[in-house]
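**Student:** Residue 1 is where the sequence shown starts when you use our numbering, and the numbers rise one by one after that.
Do not take every clue at face value.
What the hints assert, rightly or not - Simulated restraints, written as ranges between beta carbons of each label pair: (1) S118 <-> N229: 24 to 32 Å; (2) D181 <-> E27: 36 to 44 Å; (3) R212 <-> G138: 26 to 34 Å; (4) D181 <-> H267: 37 to 45 Å; (5) D181 <-> P75: 28 to 36 Å; (6) T304 <-> K244: 36 to 44 Å; (7) G83 <-> T304: 43 to 51 Å; (8) K108 <-> Q231: 35 to 43 Å; (9) Q269 <-> Y92: 13 to 21 Å.
Stated by the list, open to error - Straight-line distance between alpha carbons at most 20 Å, and here's what the computed SDA-like set of lysine to any residue pairs gives: (10) K40 <-> K22; (11) K70 <-> T213; (12) K248 <-> L158; (13) K154 <-> S195; (14) K154 <-> D242; (15) K288 <-> T11; (16) K288 <-> T128; (17) K42 <-> K248; (18) K248 <-> T213; (19) K44 <-> T128.
To be clear, the hints were calculated from the coordinates, so they are not data collected in a lab.
For each residue, glycine too, the CB sits at the ideal point set by N, CA and C.
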Amino acid sequence: MKYSSPNPYLTRYKGNPILQGKDFPHEYGIRHVFNSGMIKYKGKYLMMCRTEDHRLRDRFWIAESSDGYKFKPRPAPVKMPMGNKEFQDYTYNGEVYYDPRITFIDGKYYIIHSCHSSHTCRLSLLETEDFEKFKWRGFICEPDNRNGVLFPEKFNGLYCRMDRPNTDANIGDIWVSYSPDLIHWGQSRCVVRNSQLRWSWGKIGPGSVPIRTKEGWLCIFHSVYTVCNYQFVYNLGVMLLDLKDPSKCIAMCDDMILSPEMDYELHGQTPSVVFTAGHILEDDGEIKIYYGGADTVMCVATTTLKTLLDACHNRIKAPDHTPLMPFGRK
Numbered sequence: 001m002k003y004s005s006p007n008p009y010l011t012r013y014k015g016n017p018i019l020q021g022k023d024f025p026h027e028y029g030i031r032h033v034f035n036s037g038m039i040k041y042k043g044k045y046l047m048m049c050r051t052e053d054h055r056l057r058d059r060f061w062i063a064e065s066s067d068g069y070k071f072k073p074r075p076a077p078v079k080m081p082m083g084n085k086e087f088q089d090y091t092y093n094g095e096v097y098y099d100p101r102i103t104f105i106d107g108k109y110y111i112i113h114s115c116h117s118s119h120t121c122r123l124s125l126l127e128t129e130d131f132e133k134f135k136w137r138g139f140i141c142e143p144d145n146r147n148g149v150l151f152p153e154k155f156n157g158l159y160c161r162m163d164r165p166n167t168d169a170n171i172g173d174i175w176v177s178y179s180p181d182l183i184h185w186g187q188s189r190c191v192v193r194n195s196q197l198r199w200s201w202g203k204i205g206p207g208s209v210p211i212r213t214k215e216g217w218l219c220i221f222h223s224v225y226t227v228c229n230y231q232f233v234y235n236l237g238v239m240l241l242d243l244k245d246p247s248k249c250i251a252m253c254d255d256m257i258l259s260p261e262m263d264y265e266l267h268g269q270t271p272s273v274v275f276t277a278g279h280i281l282e283d284d285g286e287i288k289i290y291y292g293g294a295d296t297v298m299c300v301a302t303t304t305l306k307t308l309l310d311a312c313h314n315r316i317k318a319p320d321h322t323p324l325m326p327f328g329r330k
């Protein structure tokens, strides 16, 4: 498909995809780049890329841009804590880690990312002050959890994290937990259940770092439904959480704000996927949402803070809008 259906929520960049495997140094054999974290650092757009090579080994890689659209990868990938036996043992010898989300808090940049081993998925934490040297803080949850996102503020002196436990009993819901030190977590509460969304029949999960607004914490998330051949389709949605208690969802858009339609979203390593782990909020209220297309390339779409807030309150209706099951279905 060379066009997308009318979308009142955001606009895809006409130059998508903005970053591909071929843009990285040839000697590393990078095939795919997707699901990358974003931050503004020293006046530049900094993308912490998830990349995969021809052996499907994961690497994090920093790419930079002056305009948010044209990115140049650094000469070499991020140096991970390969000398740490615990990290190596839980990442298939340091080869399977992915989906970084970057949060600036307490004067440092923290990156929550997923790791995988025979014990399933687990969240890990990196820390940096300059995006040159990275310190591994350790694992921050039990096995079978992914999509960790750290809030950029504390609540009653505690750090707060959104995530998506993967246990059969959980059925793919979004939760929040609290911590005094970023390592030990508890006071877990369910935020949104997968069953509350008409257009999510499989699982939901946090996307990029929550945005503080006067109306609440604006959160972009992903949802998954299945089609008749049991193929997963990944989409993006948006919701508002209470400013003082982020375990309370106070508003949610009835519609998907982005679903796979373009060739670079429909065809690739994992067909029919749009997945975000990062955005940039500009001073004028524009939001650049960076997302992986089909687990193969990086893309960007633009919107505004006002548009997404209106979407959460369902003040915007898509063309030929069919009312969905109202938020709150149990």
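**Student:** So, against the hints stated earlier in the document, which numbers end up violated here?
**Tutor:** Violated hints: 6, 10, 11, 13, 16 and 17; rest satisfied.
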